[in-house]
Amino acid sequence: MNTQDQHGRGRPNPVRGPRPRGPRLVAAGAAALALSAGLASPLGPAPQQAEAKESGKVLTVAVAQSVDSLSPFLATRLVSTSMHRLTYEYLTNYDPEDARAVPGLATKWSSSPDKLTWTYTIRSDSRWSDGERATAEDAAWTFNKMMTDDGAATANGSFVTNFRKVTAPSPTELVIELKKPQATMTALDVPIVPRHVWEKVTDFSEFNNDKSFPVVGNGPFVLTGYKADSYVRLKANKNFWRGAPKFDELVFRYYKDQDAAVAALRKGEVSFVAGSPSLTPAQAASLKGEKNIRVNDAPGRRFYALATNPGARSKDGERFGDGDPSLLDQRVRNALFLAVDRRTVIDKVFRGHAVEGEGYIPPRFSTYFWKPSASQELAYDPTKAARLLDEAGYRKNSDGKRVGKDGKPLDYRILCHATDPNDKAVGKYLQEWWGELGIGVKLNCLDNVTDPWLAGTYDLAFDGWSVNPDPDFVLSIHTCGALPATPEDTGATDNFICDKEYDELYARQLAEYDPAKRADIVKQMESRLYDLGYMNVMAYPNAVEAYRTDQIESITTMPRKAGNIYGQDGYWSWWSAVPADSGDSSGSGGSSGDGGSTGVVIGVVAGVVVLAGAGAFLAMRRRATADDRE
Numbered sequence: 129m130n131t132q133d134q135h136g137r138g139r140p141n142p143v144r145g146p147r148p149r150g151p152r153l154v155a156a157g158a159a160a161l162a163l164s165a166g167l168a169s170p171l172g173p174a175p176q177q178a179e180a181k182e183s184g185k186v187l188t189v190a191v192a193q194s195v196d197s198l199s200p201f202l203a204t205r206l207v208s209t210s211m212h213r214l215t216y217e218y219l220t221n222y223d224p225e226d227a228r229a230v231p232g233l234a235t236k237w238s239s240s241p242d243k244l245t246w247t248y249t250i251r252s253d254s255r256w257s258d259g260e261r262a263t264a265e266d267a268a269w270t271f272n273k274m275m276t277d278d279g280a281a282t283a284n285g286s287f288v289t290n291f292r293k294v295t296a297p298s299p300t301e302l303v304i305e306l307k308k309p310q311a312t313m314t315a316l317d318v319p320i321v322p323r324h325v326w327e328k329v330t331d332f333s334e335f336n337n338d339k340s341f342p343v344v345g346n347g348p349f350v351l352t353g354y355k356a357d358s359y360v361r362l363k364a365n366k367n368f369w370r371g372a373p374k375f376d377e378l379v380f381r382y383y384k385d386q387d388a389a390v391a392a393l394r395k396g397e398v399s400f401v402a403g404s405p406s407l408t409p410a411q412a413a414s415l416k417g418e419k420n421i422r423v424n425d426a427p428g429r430r431f432y433a434l435a436t437n438p439g440a441r442s443k444d445g446e447r448f449g450d451g452d453p454s455l456l457d458q459r460v461r462n463a464l465f466l467a468v469d470r471r472t473v474i475d476k477v478f479r480g481h482a483v484e485g486e487g488y489i490p491p492r493f494s495t496y497f498w499k500p501s502a503s504q505e506l507a508y509d510p511t512k513a514a515r516l517l518d519e520a521g522y523r524k525n526s527d528g529k530r531v532g533k534d535g536k537p538l539d540y541r542i543l544c545h546a547t548d549p550n551d552k553a554v555g556k557y558l559q560e561w562w563g564e565l566g567i568g569v570k571l572n573c574l575d576n577v578t579d580p581w582l583a584g585t586y587d588l589a590f591d592g593w594s595v596n597p598d599p600d601f602v603l604s605i606h607t608c609g610a611l612p613a614t615p616e617d618t619g620a621t622d623n624f625i626c627d628k629e630y631d632e633l634y635a636r637q638l639a640e641y642d643p644a645k646r647a648d649i650v651k652q653m654e655s656r657l658y659d660l661g662y663m664n665v666m667a668y669p670n671a672v673e674a675y676r677t678d679q680i681e682s683i684t685t686m687p688r689k690a691g692n693i694y695g696q697d698g699y700w701s702w703w704s705a706v707p708a709d710s711g712d713s714s715g716s717g718g719s720s721g722d723g724g725s726t727g728v729v730i731g732v733v734a735g736v737v738v739l740a741g742a743g744a745f746l747a748m749r750r751r752a753t754a755d756d757r758e
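Read left to right, the sequence shown gives residues 129 to 758 (the numbering used here).
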C-alpha cells in the first residue's frame, strides 16, 4: 500500500521508507537535490497554530503527497518519515557517503559477547527545542512506550518486538536487553521523542500531532506551522548539535496537480520538485535546458509493484474484505504476472528512467539484490499465461471471457493512485494485456487508497516502498506478525501476506550477524515472495528531481557520487543546503560526526518535500501511497 516505506508504504522508507520504513543518487556533472522534511506534531510549549511570515533565507519546496500522520508513532509514508528525520534524532544515522552507521543521538555503542545486551552512549550536547536536555531517559521511554502500547507500535513496532528490557541507568547511558540476537541494533530507524512532552498523550492510536506548534524536537529543523492542503513550515534549529542549517526556513507548499508544481518551479515560486515520488519523463524533459533549472536523474531506492489481495485477514484469523477468490490460486497469480511486459513498462511508461523489476530489493542495494533463476523467472509469456489459466479452470467462453466453473467471469479491480500518472499509464497496458487473456480490468483511481486497502476491498493494487540500507523493515511488513489484531485495527502489514516459511526465514535473518550469511537468508526471503506471486515488482524507478540553481548553491546527495536528494536516509540534503547568494559553497553545515564526507554536490538546487495535507489524518486507518516509507 505504501509506495514506503520505512519507510512506505507501498513505503515507504515504507518508503520505512520505511518505515520502508523503506535509500538514493545523482548524475555526474548535474547536481542533485531532494527533500526530506521533518514533521512532528503538537505538544509544544506555548502551542500556537500561526502561519509565521517567511523571513531570512527561505527554501520553498513543492509537495504532491499527503502526510499519513505527523506522529512518529503512526507515520509510515516517505514524506512523513522524511520530515521526522528533520525533527527528531535517531540513535544512529547513515553516512551519506556509503550508508554505514554513524553517530546520531548516540555517540557510540557496544554489545555484550552474546549480543543480547546493547549499550549506547547518549550525547550530552543535544537539547530539545524547548531548552530541555535530550537524555537516555527519552530514548528508553520511547522504546518502552512502543513495547507496551499497541498504538505507539503502529509504525515501528517491528524494531522492538525482540526487546526484553530497556533502561537508562544515567542521562548518557541507554541499555537494551534482547530476547535473542538482533542484527538491526545499529539501524533502529525510530525517532526518539521528548518524554516530558509525549507522556501527556492518552491515545497514541488517535493522536496525530497536528494541532499545537512549534513542535518540540531536537533535529536540524523545528516544525512551526501546518495547514492541511496548503503548507508545512519549519525553521532552522540554531542550537542543533551538528551545526545549524544555512537556510532559515523550509516551507513545503502543497500542489495536488504535479504539472502545477512544475510550473511553479519555472516561475521561481518553489525551489525544488521531486514529484510523487518522481517527475514524469515528460515533465523532466520539458525542464531540461531551461535557465537556472537542473534535472537530477539518479538510481532510486524504491520499487514499483503490483500486489494481489491474498485474502485480507487479521491475527485472530477473521477474514474480511472482498478480494476475488480466484487470486488465492497461485497459478492465476503467476498467469497475471506472465502477462506483464516489464520491458514495455520501462520503455513506454518510465521512458528509460527506471530499471526492469526483478526481486523485492532494488539493485542499488547490491548486498541484498536478488534475481530469479532462468527457470524461476516469470518472464513475459502470454501463451504460458493462458495455459496456466486453463489449468486453473478459467477457460474462455464463446464471448472470449475467462470464466470459472461457476460461470463467473474474471473481472479485477485495481487500486490506483489518482495523483500518480504512472499508475494510470501502466493500468491501460494491463487492460490491454489481460484483456487479450479474456480478463476484465477496472482501474479504481482514488486520491485516498488507504480505506479500501485497509478494508481489503480490492483485487489488485499498485504498490511500492522505499528501501533502507538495512532492509529489515520492508521485510517485516510481510510477516504474519504485521497483520492487524482485528479487522477494526491497522497493523504494519503491507498487503496481508502471511506465510510460515517466510516468517521462519525472517526470524533467521534478524538474528544473523554475519553479513554474508544474513544477505543469503534475505535473498531466500525474496525468492519466497517471488514464488508466492502476491507481489510483482515491475520496475525500480529512478529518482527524477528538478531544482533551481539560482536558489540553491550546493546540497548533499546520498550516495555522494550518484545520489538522490529527496527522501534520504538521514537529514543531509536540507541540513547541508547552501543558499545561492550565501557566498558559502562548502554546503557542509558541519561534519557527519565521525569524519565521514557530507557528500556535497556543487551547483545543485533546492528541495521539495511532498507533504500535503489530508484534511483528516485517519490515524490507525492511514496507509502509504505511491511514495512510501523511507
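Where hints are given, some of them may not hold.
Here are the computed lysine to any residue pairs in the SDA-like style, where the Cα-Cα straight-line distance is at most 20 Å [as the list claims (entries may be wrong)]:
id	residue 1	residue 2
1	Lys-533	Leu-456
2	Lys-443	Ala-583
3	Lys-419	Asp-709
4	Lys-651	Ala-546
5	Lys-416	Lys-443
6	Lys-552	Leu-571
7	Lys-416	Thr-677
8	Lys-556	Pro-409
9	Lys-499	Lys-651
10	Lys-308	Val-230
11	Lys-308	Thr-276
12	Lys-651	Glu-632
13	Lys-443	Ala-635
14	Lys-293	Gly-259
15	Lys-419	Ala-391
16	Lys-384	Ser-239
17	Lys-328	Ala-315
18	Lys-443	Arg-459
19	Lys-524	Lys-570
20	Lys-293	Pro-309
21	Lys-308	His-324
22	Lys-273	Pro-297
23	Lys-529	Lys-499
24	Lys-236	Glu-327
Cβ pair distances, simulated, as ranges [to be verified]:
id	residue 1	residue 2	range
25	Ala-635	Thr-295	23 to 29 Å
26	Thr-295	Asp-385	36 to 42 Å
27	Tyr-557	Ser-526	23 to 29 Å
28	Asp-527	Lys-419	28 to 34 Å
29	Lys-419	Lys-512	18 to 24 Å
30	Ser-503	Asp-709	34 to 40 Å
31	Lys-419	Glu-334	46 to 52 Å
32	Thr-245	Lys-536	34 to 40 Å
33	Pro-453	Lys-366	57 to 63 Å
34	Lys-536	Asp-659	51 to 57 Å
35	Asp-527	Ala-391	42 to 48 Å
36	Ala-388	Val-186	27 to 33 Å
37	Lys-536	Pro-510	40 to 46 Å
38	Ala-391	Asp-278	28 to 34 Å
Because the hints were derived from the structure by calculation, they are not lab data.
A virtual CB, placed ideally from N, CA and C, is assigned to each residue, including glycine.
Taking the hints in turn, this is what the structure says about them:
1. Lys-533 with Leu-456: Distance of about 15 Å is within 20 Å: holds.
2. Lys-443 with Ala-583: Roughly 14 Å separates the two Cα atoms, so the pair holds.
3. Lys-419 with Asp-709: The hint holds at about 17 Å.
4. Lys-651 with Ala-546: 33 Å, violated
5. Lys-416 with Lys-443: 50 Å, violated
6. Lys-552 with Leu-571: Given that 20 Å is the threshold and the Cα spacing comes to 8 Å, the pair holds.
7. Lys-416 with Thr-677: 13 Å, holds
8. Lys-556 with Pro-409: Holds - the C-alpha atoms of Pro-409 and Lys-556 are around 17 Å apart, at most 20 Å.
9. Lys-499 with Lys-651: Holds, at about 9 Å.
10. Lys-308 with Val-230: 24 Å, violated
11. Lys-308 with Thr-276: 19 Å, holds
12. Lys-651 with Glu-632: Within the cut-off at roughly 13 Å; holds.
13. Lys-443 with Ala-635: 18 Å, holds
14. Lys-293 with Gly-259: Between Lys-293 and Gly-259 the Cα gap is close to 29 Å, so the pair fails against 20 Å, i.e. violated.
15. Lys-419 with Ala-391: Roughly 14 Å between the alpha carbons, so the hint for Lys-419 and Ala-391 holds.
16. Lys-384 with Ser-239: 47 Å, violated
17. Lys-328 with Ala-315: 28 Å, violated
18. Lys-443 with Arg-459: The hint is violated at about 26 Å.
19. Lys-524 with Lys-570: With Cα atoms ~19 Å apart, Lys-524 and Lys-570 stay inside 20 Å; holds.
20. Lys-293 with Pro-309: 14 Å, holds
21. Lys-308 with His-324: Not OK: Lys-308 and His-324 at ~31 Å, beyond 20 Å, violated.
22. Lys-273 with Pro-297: Holds, because 17 Å separates the two Cα atoms, which is no more than 20 Å.
23. Lys-529 with Lys-499: 34 Å, violated
24. Lys-236 with Glu-327: With a Cα-Cα distance of about 27 Å, the restraint between Lys-236 and Glu-327 is violated, given a limit of 20 Å.
25. Ala-635 with Thr-295: 23 to 29 Å: 25 Å, holds
26. Thr-295 with Asp-385: 36 to 42 Å: Hint violated: Cβ distance 51 Å, outside 36 to 42 Å.
27. Tyr-557 with Ser-526: 23 to 29 Å: 27 Å, holds
28. Asp-527 with Lys-419: 28 to 34 Å: Given range 28 to 34 Å: violated, Cβ gap about 57 Å.
29. Lys-419 with Lys-512: 18 to 24 Å: With Cβ atoms ~52 Å apart, the hint is violated.
30. Ser-503 with Asp-709: 34 to 40 Å: 60 Å, violated
31. Lys-419 with Glu-334: 46 to 52 Å: 49 Å, holds
32. Thr-245 with Lys-536: 34 to 40 Å: 58 Å, violated
33. Pro-453 with Lys-366: 57 to 63 Å: 59 Å, holds
34. Lys-536 with Asp-659: 51 to 57 Å: 27 Å, violated
35. Asp-527 with Ala-391: 42 to 48 Å: Check passed, 46 Å falls within 42 to 48 Å.
36. Ala-388 with Val-186: 27 to 33 Å: 20 Å, violated
37. Lys-536 with Pro-510: 40 to 46 Å: Given about 22 Å between the Cβ atoms, the range is violated.
38. Ala-391 with Asp-278: 28 to 34 Å: 44 Å, violated
In this structure, the earlier hints numbered 4, 5, 10, 14, 16, 17, 18, 21, 23, 24, 26, 28, 29, 30, 32, 34, 36, 37 and 38 are contradicted, and the remaining ones agree with it.
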